[in-house]
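Each chain, written out:
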Amino acid sequence: MKQPTISLAMIVRNEGSRLHECLQDIKDSIDEIVIVDTGSSDNTVEIASEYTDKVYHFTWCDDFSAARNFAIERVHCDWVLSLDADERLDMSEGDLRALIDNPEREAYCLPLHAIQADGNFDRFMVLRLFKNKFRFKGAIHEQIIIDDPTVLGYTLFPILWHSTVSTKERRSRRGRNIALLKKALSADPDNLFLQYYIGTEWLGLGRTDKAISPLRQVLAKLTDQHVLFRSPALRYLISCYKSEGRFNEAICTCLEESMRYPEYSDLFFEAGILFELKGEYEIAVKWFNQAVAAGKPPAVFHHTGGTESYLAYYHIGHCLERSGMSKQAKEFYHCALQANKHYDHPLYQLTILELAQVSADKAYIGLQERGYLTDPVVAARMAELFWESGFPDLAERCLVQFEGKNANMVRLLVRYKTYSGKLAEALKLIEWLRTSEPVLGLEEAVDEIIALLIKQDFSVAKARALELWRIPEARSVALSMLNLINIFRIGKPSCLPELIRARKMTQVLVDILENCWRSKVKDWQMQSMYAALINKIMELLAMSPGTVDMLAAYLKEKSNAVSVNLNHNFEAVRGMCL
Amino acid sequence: MSNKISLCMIVKNEQQNLLRCLGSVQNAVDEIIVVDTGSTDGTYLLAEQAGAKVLSFPWNGNFSQARNTSLACATGDWILFLDADEALAAGSDAVLRRIVSEDNEGYFLKIINFIGAEGCVESCPDLVFRLFRNKPEYRFRGAIHEQIVDVILENNRQARYQIAEDVVILHYGYLNEQITEKDKKNRNINIIKQELENAPHNQLLRYHYGVELFRADRLAEAVEEFTQAAEGIDPNTVYFPKLLRYIILSYYGLKDYDQAASVSKQALNLFPNYADLYYYRGLIEVDRKNYAQAYELFQQALTMPEQPTYYASFSGTKGFRAYYQLGRMAEEFYNEEKALKYYILSLRDNPNFVLALSAIVQILNPRENSEYTKAALEKIFEFCTPEANILMGKICFAEPAYELALDYFSKVDQTCLDSYTAVLKAICLIQQRRFLEALRILEAISPEDAQYPLAKLNKILCFWIEKNRSKVRSLTEELFAMHLSLETGAVVGIIRDSLYKTTSSPVVILGDEGMALVKNIMLRALDLDECQLAEALLDRIDQSTLREYALAVGKIFSQYGYYDQGQSYVALYLEQQPECAEANFQMAEILQQKELLTEASLYYHQALATDPQEPRYYVKLIKLYKKMRHALLSEACRNFPNIPVLQELLEEVARE
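First to last, the protein sequences are chains A and B.
Residues 1 to 578 in my numbering are what the first sequence spells out, letter by letter.
Residues 1 to 656 in my numbering are what the second sequence spells out, letter by letter.
The hints are simulated quantities; they were obtained by calculation from the structure and are not laboratory data.
Here a beta-carbon is modelled for each residue, glycine too, at the ideal position from N, C-alpha and C.
Take these hints with a grain of salt, some might be off.
In silico negatives: residues of chain A with every beta carbon more than 12 Å from chain B [claimed, not checked]:
id, residue
1, 20
2, 424
3, 486
Keeping only pairs whose Cα atoms sit at most 25 Å apart, straight-line, the calculated BS3-like set for lysine-lysine is [to be verified]:
id, chain 1, residue 1, chain 2, residue 2
4, A, 428, A, 462
5, B, 4, B, 53
6, B, 626, A, 558
7, B, 12, B, 53
8, B, 255, A, 330
9, B, 338, A, 536
10, A, 405, A, 428
11, B, 623, A, 558
12, A, 504, A, 522
13, B, 338, B, 12
14, A, 558, B, 627
15, B, 623, A, 536
16, B, 379, B, 394
17, B, 627, A, 536
18, B, 4, A, 522
19, A, 362, A, 278
20, A, 556, B, 626
21, A, 278, B, 265
22, B, 555, A, 522
23, A, 278, A, 221
24, A, 455, A, 522
25, B, 341, B, 374
26, B, 341, B, 289
27, A, 327, B, 627
28, B, 289, A, 330
29, A, 556, B, 627
30, A, 556, B, 4
31, B, 394, B, 374
32, A, 327, B, 265
33, A, 504, A, 428
34, B, 456, B, 467
35, A, 362, B, 12
36, B, 411, B, 394
37, B, 394, A, 558
38, A, 286, B, 627
39, B, 265, B, 289
40, A, 504, A, 462
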């Protein structure tokens, strides 16, 4: 028997930016490309023509199925692969031809991975590969309906990746969709799939209140035969309840449905999250453990990767920490990291715990030894954590390996070195930045001047400040710095006090104050230089009534920050704290 | 029916206690049987003279046999069993006579155990089985008294027991003066251990074994035994609450806070009104710095109802001790007002609780505010008796507030003071530069007295402060002849040498013992404004020692207002231990005193960064920021008097 053939059928509109990538990847895996343009005003049609001569035009009539079926009608192959231009099929794993060679199957659901903002992805199974005898139904969120479920296959590869769309575009799409869906629903009010889509669109627009009702209907009436819809509907409903603060209803839903789907780890995970939000940590941990025990659910379920492993571990750790069991919490954070090195929330928490309970040095050594500092993103985050906790020396050590290699890291190093007394080194790094970057950033320019000030290199400091003054956007900052230099040199500012009013000028000084308070120098003499700097800045700010209140407010803020930490660490021992 | 009561006892060398015991039972019993297991003092004779029937029974290591011998001789219908270090409380005799006419086989009586040392005696009630019908089959078995409870039940299934809490036995045996030698303790432990090997399922025995181990401070072993004894135990067993408490105390003593906390939680499920459990859990949480939880627990302890006697609740766990702990926690947060309130509540609950009294005195700061402290104390308490005045004197002395201490000591007639207190008084006089009076007291201490070396040392100090080289030299020679420890000797040597300007004297290395003495002496010098003497003393000490103790030395200097010296010593310490939170904190405190507020704030931040678990650091830093804001705004109001918003801000700060 001859080998079955596959055709790619797409409908497009203004996809000029993405079409190349999409088609380039796929062109060698298929036999035919059919592209239907529904009204592009850019170069979409031109690009499409580079890949195929089967490019058609279709006048848009608010009906996705009509457009898609139009495309399928023009397909000459046995099978159809339906993609959108913002999707990419990852051909590195999986074999389309092998799939369609299976005589028992007439259609396949492929995994669609939708990447979230935090790097995680949601997995949906979507019916995109089917025999040429099927057609789409539904004007919006069109579906291939198959009567005999036995002919439908599921596969985990190849993976379909869906790139993120701009928020603006997404919102406008949603608005359009809702209008279309309402229209369709008025004609077909009992259509559960339409209800589902309306629910998801409202959810997408942030109107969780409006999403609940349709989603509940779907959940109540859809059977397990349509678990492809039921499972995401379930997840979305829980999420809506959560957003609305209706925790108990969300929990009930989880409870009921988890009995129906004991293998659906996401449900246990969601329940855990809800109990965690309510502060019932012991119960939350039980649910998270069940999520882990359930493991990855079958492909057909709408699953968020990690809910059965690293996410669950992380949350267990967090619950244990909140219950005062930090030793056990740490173990679970380690589990989470082992399961997924790239999810660094547990690392952050672990380090904070180590800082609070052991010592900053040990925390740093722990990170070093376990190799977490090789990744620049992680290293930068840890450095920032050390810096904010008052350990600029350790912050520096986190990033030292990126010296001379990565400009962003070097910028951070300049700051850390400046405030841990390593002034000469900081200035050297500034020189390096000057040679590798066209323009020195404002932050490092300020750090340079501060370093020079502390070194008491007033003339060079002044020269740098004047250079800065030449850049219009940096003028207020430069003026502040000149004032500061003059306070040191001659005891009074260069500008008239009234001019110091400008908020921006004051802000840069307040920022420097904040940095000084994070400084840490072993040598008492050197430490008093930073104290002197603080005193001079305060002196400067006290010279004008407009800035005095800003300074007073800043000091109050600092005091409040300490109070917050006190209360957080000791949970506001009632009446004991002042 | 006749209800004759026989008192049965076994004794050995108890001539101190016996009379008190026998005297207390005069009207309560009709017959006294004393079995002497080998006294070498006047016990035998004393017992005979008191009218007891005395028998000799050579000790063979078997408690039961000895006791049963006493039972065999008893002719009464009832047996009352006491130890020599116990006595019947007044009024118990009437109750005793009444209950023996009732239809019970035996009684649990209330015992009050006195524990502690002079000035700090605590009481702990409990129930003990000490009264039962005299029948030949009722005989003691094994090393523990209480086993007779089982024996009686075995022989008489219908036996009914009652609790008679109005019969009170006072037990003096745990008072420090009377604590038996370690050998006797270990002997008891071994005896019980042997018995346990033969009867491994006897939970009661195992419990008592655990208790003996606990008293001998063998906590790890105690925990094992207690845990075993608790296995499968009927929750209604009368010693179950005590058993649980012992487990918790053992883990606490071993610093295994996790286990201690977990057992406490379980125990509270079973006995939710057991005050001791809340109290000890509170202590555990304080050690773990979970102050919020500790606070809740102590507050809960305070609400506990009257504790059933069989809980053997330690006195104060639902009263003065809990208040005291709350006071301590308030002090952690520098909330002196709250702390004082709690300490006063504590003293109201137990006017003899010295810890609370000391804590109050400490807050009042008698060293710097002598008059104020005296007036405040007078408002709350009256110190009439010599004991009270001596106690107050000692509390003030511990601060050290020498002037006020002298005030209290002087209220007591010289002859009432023991030699130790006399020396304390002399020290106070020295600190007032009243050297002649001090010397008079010191000279009266005889060479056989244990305080003689201390007195001698203080004589030297009198002349040291006067810089009288020859007198110091001759007296130190005499002191050397008294076999001092190496370190003390070295310190005495440098006292002598510090009066001489020399550059080549060998420098002395000291450890904890020596430095403790040095710190004390330097403190006294600073108290007398003799900074030079203090520094001369320190000059004689090797740098390595000074570096090790720099933090403590710096603290003492700053306590007495010598901030520059304080700063340089703390800086010295920070040089080698830059990560020491306490050192950073001390530096901050000194800098704040020197009005270097910004520098101080940097060091507070460092202290916090290094140890985020100390409430003191947060509180002090918050106070500092307030001070800085206040200073900033006051100056600003002066410079810009026409800006109302600044005035408002200043008032806001003042109100906080």
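So, going through the hints one by one against the coordinates:
1. 20: 53 Å, holds
2. 424: 21 Å, holds
3. 486: 19 Å, holds
4. A:428 with A:462: Status holds; Cα separation ~18 Å.
5. B:4 with B:53: 16 Å, holds
6. B:626 with A:558: Holds, at about 10 Å.
7. B:12 with B:53: At roughly 15 Å apart (the allowed maximum being 25 Å), residue 53 (chain B) and residue 12 (chain B) satisfy the hint.
8. B:255 with A:330: Given pair residue 255 (chain B), residue 330 (chain A) holds - Cα atoms ~21 Å apart, limit 25 Å.
9. B:338 with A:536: Given pair residue 338 (chain B), residue 536 (chain A) is violated - Cα atoms ~39 Å apart, limit 25 Å.
10. A:405 with A:428: Holds: residue 405 (chain A) and residue 428 (chain A) sit about 14 Å apart, inside 25 Å.
11. B:623 with A:558: 12 Å, holds
12. A:504 with A:522: Cα-Cα ~33 Å, so violated.
13. B:338 with B:12: With a Cα-Cα distance of about 52 Å, the restraint between residue 338 (chain B) and residue 12 (chain B) is violated, given a limit of 25 Å.
14. A:558 with B:627: 13 Å, holds
15. B:623 with A:536: 22 Å, holds
16. B:379 with B:394: 20 Å, holds
17. B:627 with A:536: The hint holds at about 18 Å.
18. B:4 with A:522: Distance ~84 Å between residue 4 (chain B) and residue 522 (chain A) Cα, so the pair is violated.
19. A:362 with A:278: Violated, because 34 Å separates the two Cα atoms, which is more than 25 Å.
20. A:556 with B:626: Holds, at about 8 Å.
21. A:278 with B:265: 23 Å, holds
22. B:555 with A:522: Given pair residue 555 (chain B), residue 522 (chain A) holds - Cα atoms ~20 Å apart, limit 25 Å.
23. A:278 with A:221: Distance ~30 Å between residue 278 (chain A) and residue 221 (chain A) Cα, so the pair is violated.
24. A:455 with A:522: At roughly 16 Å apart (the allowed maximum being 25 Å), residue 522 (chain A) and residue 455 (chain A) satisfy the hint.
25. B:341 with B:374: 18 Å, holds
26. B:341 with B:289: Holds: residue 341 (chain B) and residue 289 (chain B) sit about 22 Å apart, inside 25 Å.
27. A:327 with B:627: Violated - the C-alpha atoms of residue 627 (chain B) and residue 327 (chain A) are around 39 Å apart, more than 25 Å.
28. B:289 with A:330: 19 Å, holds
29. A:556 with B:627: With Cα atoms ~11 Å apart, residue 556 (chain A) and residue 627 (chain B) stay inside 25 Å; holds.
30. A:556 with B:4: Violated: residue 556 (chain A) and residue 4 (chain B) sit about 81 Å apart, past 25 Å.
31. B:394 with B:374: With a Cα-Cα distance of about 14 Å, the restraint between residue 394 (chain B) and residue 374 (chain B) holds, given a limit of 25 Å.
32. A:327 with B:265: 19 Å, holds
33. A:504 with A:428: Violated, at roughly 28 Å.
34. B:456 with B:467: 17 Å, holds
35. A:362 with B:12: Between residue 362 (chain A) and residue 12 (chain B) the Cα gap is close to 60 Å, so the pair fails against 25 Å, i.e. violated.
36. B:411 with B:394: 13 Å, holds
37. B:394 with A:558: Given that 25 Å is the threshold and the Cα spacing comes to 44 Å, the pair is violated.
38. A:286 with B:627: Measuring from Cα to Cα gives roughly 49 Å; hence the hint is violated.
39. B:265 with B:289: 18 Å, holds
40. A:504 with A:462: 19 Å, holds
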